[in-house]
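Asker: Residues per chain are reported as follows:
Number of protein chains: 2
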Amino acid sequence: MKAPKYKVISDYIKGQITNGTWPVGSRLPSQRELAKQFEVNRSTVVTALDELAADGLIEGKLGMGTVVVNNTWTLMSANSPVNWNEQVQLGAHQASLATVQAINLAESDENLIQLSKGELSKDLFPLEEMKAVIQKVAQDLTPFGYEDPKGNPALREAISDYLKPKGIDSPPTSILVVSGALQALHLISIGLLERESTVFLENPSYLYSLSTFQSAGMKLQGIPMDDEGMLPEMIKASQHSGRSVLYCHPTFQNPTGTLMSEKRRQELLQLAENIQLPIIEDDVYGDLWLDSPPPPPIKSYDRHGNVLYVGSLSKSLNPGLRIGWIAGPEAVIDRLSDLKMQTDYGSSSLSQRAAAEWLSSGLYEEYLFKVRKQLKERRNTALAALNKHLSRWADWSEPAGGFFIWVKMKPEISLADLYRRALSNGVLINPGRIYTTQKLQHFRLSYANAPIDDIVKGIAVLELLIKDC
Amino acid sequence: MKAPKYKVISDYIKGQITNGTWPVGSRLPSQRELAKQFEVNRSTVVTALDELAADGLIEGKLGMGTVVVNNTWTLMSANSPVNWNEQVQLGAHQASLATVQAINLAESDENLIQLSKGELSKDLFPLEEMKAVIQKVAQDLTPFGYEDPKGNPALREAISDYLKPKGIDSPPTSILVVSGALQALHLISIGLLERESTVFLENPSYLYSLSTFQSAGMKLQGIPMDDEGMLPEMIKASQHSGRSVLYCHPTFQNPTGTLMSEKRRQELLQLAENIQLPIIEDDVYGDLWLDSPPPPPIKSYDRHGNVLYVGSLSKSLNPGLRIGWIAGPEAVIDRLSDLKMQTDYGSSSLSQRAAAEWLSSGLYEEYLFKVRKQLKERRNTALAALNKHLSRWADWSEPAGGFFIWVKMKPEISLADLYRRALSNGVLINPGRIYTTQKLQHFRLSYANAPIDDIVKGIAVLELLIKDC
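Residue numbers (my numbering), protein chains in the order written: chain A, 1 to 469; chain B, 1001 to 1469.
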């Protein structure tokens, strides 16, 4: 039996509302439009709308036509009660966050030349090795369930061994497996730091483009850098209330690519010890050195438990595994693992097993050897293209590792303008202002993601756009 | 060259502090004990301690001996500034949370008979199928990276198809992949609900044993149940401020095993629509029916977007995959996926691929057929053992699915006592009071986890303990 025509219409409208296609507050098409769409008389449309109104789903509103009025969850999400973004919606930062969202969206546009994305190119994906690792996981499989609160024991053992050559002596009990560095920062911010506390960090820093700390009610206090890294004396100069923390990214800093010198690392740790300032050390790019190995992590000098060390396979190997780690004093790791259990009951067993296999089999080291070579070629290609196309209008320094070149444009060039025009010409760059609270003449150029020829093409497009002005 | 003896001692002590073994505030062994341990003179120990004191690491305190005084992160975690547990540390609930922590610990003790654990027995782990699935993932592998914010498209497609026979029509765009039901609740609580809002829920409910909602500043308001499920009129009776949400677990409720009737489901939804009360429907046990399929989920009757539906593979298949989902209005799913990205950048690609393979290949349905048969045998064995051993002292109803029998002991038996004595006799049960704010004469008995013979043994031990009194 066929449903009556008015029923077809009311079901269609209900479907649109239920799916969220027409959220609460949205206006329905006019009766005339609906009549045309369903090839019925207007009276049939009216019958359908009357039924929906009786359900409390829609209402005729004066001067607005018919409006969706009930869809409880949509209502809740639209009114977005939560303070989650409270801090980040304030003032100047709002504008840059809108840019961040636009960039995030543009980064999944496969038609663009990606000079923005901080993710290794699919061309560098170690397909055969990854297949072999997964097959090994299948072969060795034993029944699994929830993992230990701190993570799979074999993986923590492998991470502990992997950290040793870096000078970090963390037993497996002092290591927490997390789903990447972002989750590490999320757990630290909700579990260890007080609201209203201050986070010192490099300025610029990619943390300005996230809302991790701000969402937890903390303030970011940028510290200037020179070419050896952040300046410890500027931290001393800042008001230090005793409820602060230092976030730093000493090796191939994002976005500037700065490599902190060994001396500076030690000075920073010394300062932190003197004023009892805890350090979060982010070392997600450390394995991606291109010329020579970087100085040891700050954590390697830490004798007083001042440093929480954060690492990850997301940048160097693959973000899809969602495997990172925190190494620190055992009591702190205990607390963070408790929080991790409260938020997601631990990371995927399959990913943890695969990561353990990558690290303990030696495959990861072999793979790094190859990936460094290819990244180096990419970096050199990008630098050559910059030299050829942009040297009249820009300066930059050569990064010794990581993914990014921090390009400073001459003052006469508007970065906002360049970003917009590049985008409409198929090239995505990251304007520097999303990484800071100030105006900057920089953009961040990633040589990691686009096909290598596209990097050159993209930079050539930038030259044309500048010449065009 | 060998290190001087005092250095060996000071390095050892530093190591213990750095590892968190000796957190700040803890007392060092006496000089005499250290001298004995390292077979040195006390003067050598004094030299070592002097060096550590100069580092600011330890201090002699009057009447307390030598104490660890500096280890910044440990200090932060010990002072635990955060309100994360603010609500749950209040009053009566604190006692039951201490019990929850003790139980969590005991659940990983392999020497105990686990009549507590809500996790399928390793005996039921589908090892060959899981290996085959992982091998298929390896075979079909293409380069992967960060997944879509809502999750791997093939998996969302598979979940959408899987939900259809349940009467839930959610397109892949209205589905968010999460790392289990707990993360779903965490995201909803931090992303959609206001602090101070009220969560109506079944009383008792396993949510009382977690701190998900309380940590986000919400109040739990228990609603009594009869054998058809929670009583809608009790919600009406409660003060409803308009900032409330209803959490319910209609199918094989944890801990009572109650199966909500079809009529009750519709009444509850009708009420929620009338008073604009959004519903979170937890359906993690729905696939584990033992006698006949349960009524359709509440979500299947939902035409106004009132229901967020939460499902998972953790109970029915395996918790190590860390794969669950939320289905709801698209605008709400958009918001939750944004939050998910902010906390962990999505779930593991490997797990998502494996889950998609399980669901779309038909393997999951085949496996369910087997697991239901085995669970049914377990349930019947447990019921027979209860009849044989405990019928003089207890009542219970027969669950039609899920993992648990909710056993009510006669008033003369002290549950706290029984729990403690069972534990010291190698049997772990879950006293009912961790699932409620009241005193209860119940315990939750899981027939899912222990080897089937141990279930009978464990119940026999309970009889002996009761007779002993």
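Honestly, the hints are just simulated from the structure, not real lab data. Some hints here could point you the wrong way.
[Claimed, not checked] Simulated crosslink set (DMTMM-like; lysine to aspartate or glutamate; CA at most 25 Å straight-line): (1) B:Lys1014 / A:Asp11; (2) A:Lys122 / B:Asp1291; (3) A:Lys131 / B:Glu1059; (4) A:Lys14 / B:Glu1059; (5) B:Lys1007 / A:Asp140; (6) B:Lys1263 / A:Asp11; (7) B:Lys1164 / A:Asp161; (8) B:Lys1219 / A:Glu194; (9) B:Lys1014 / A:Asp161; (10) A:Lys373 / A:Asp334; (11) A:Lys388 / A:Glu463; (12) B:Lys1439 / B:Asp1453; (13) A:Lys131 / A:Asp169; (14) B:Lys1370 / A:Asp417; (15) B:Lys1136 / A:Asp140; (16) B:Lys1014 / A:Glu262; (17) B:Lys1131 / A:Glu463; (18) B:Lys1373 / B:Asp1291.
[Stated by the list, open to error] Across the chosen pairs, the derived CB separations fall in these ranges: (19) B:Asp1140 / A:Asp140: 47 to 57 Å; (20) A:Gly60 / B:Gly1167: 42 to 52 Å; (21) B:Ile1452 / A:Met341: 48 to 58 Å; (22) A:Met341 / B:Val1008: 52 to 62 Å; (23) A:Leu271 / B:Lys1061: 49 to 59 Å; (24) B:Glu1228 / A:Gln101: 24 to 34 Å.
For each residue, glycine too, the CB sits at the ideal point set by N, CA and C.
Asker: Looking back at the numbered hints, which does the structure fail to meet, lowest number first?
Answerer: 1, 2, 3, 4, 5, 7, 10, 12, 13, 14, 17, 19, 20, 21, 22, 23 and 24
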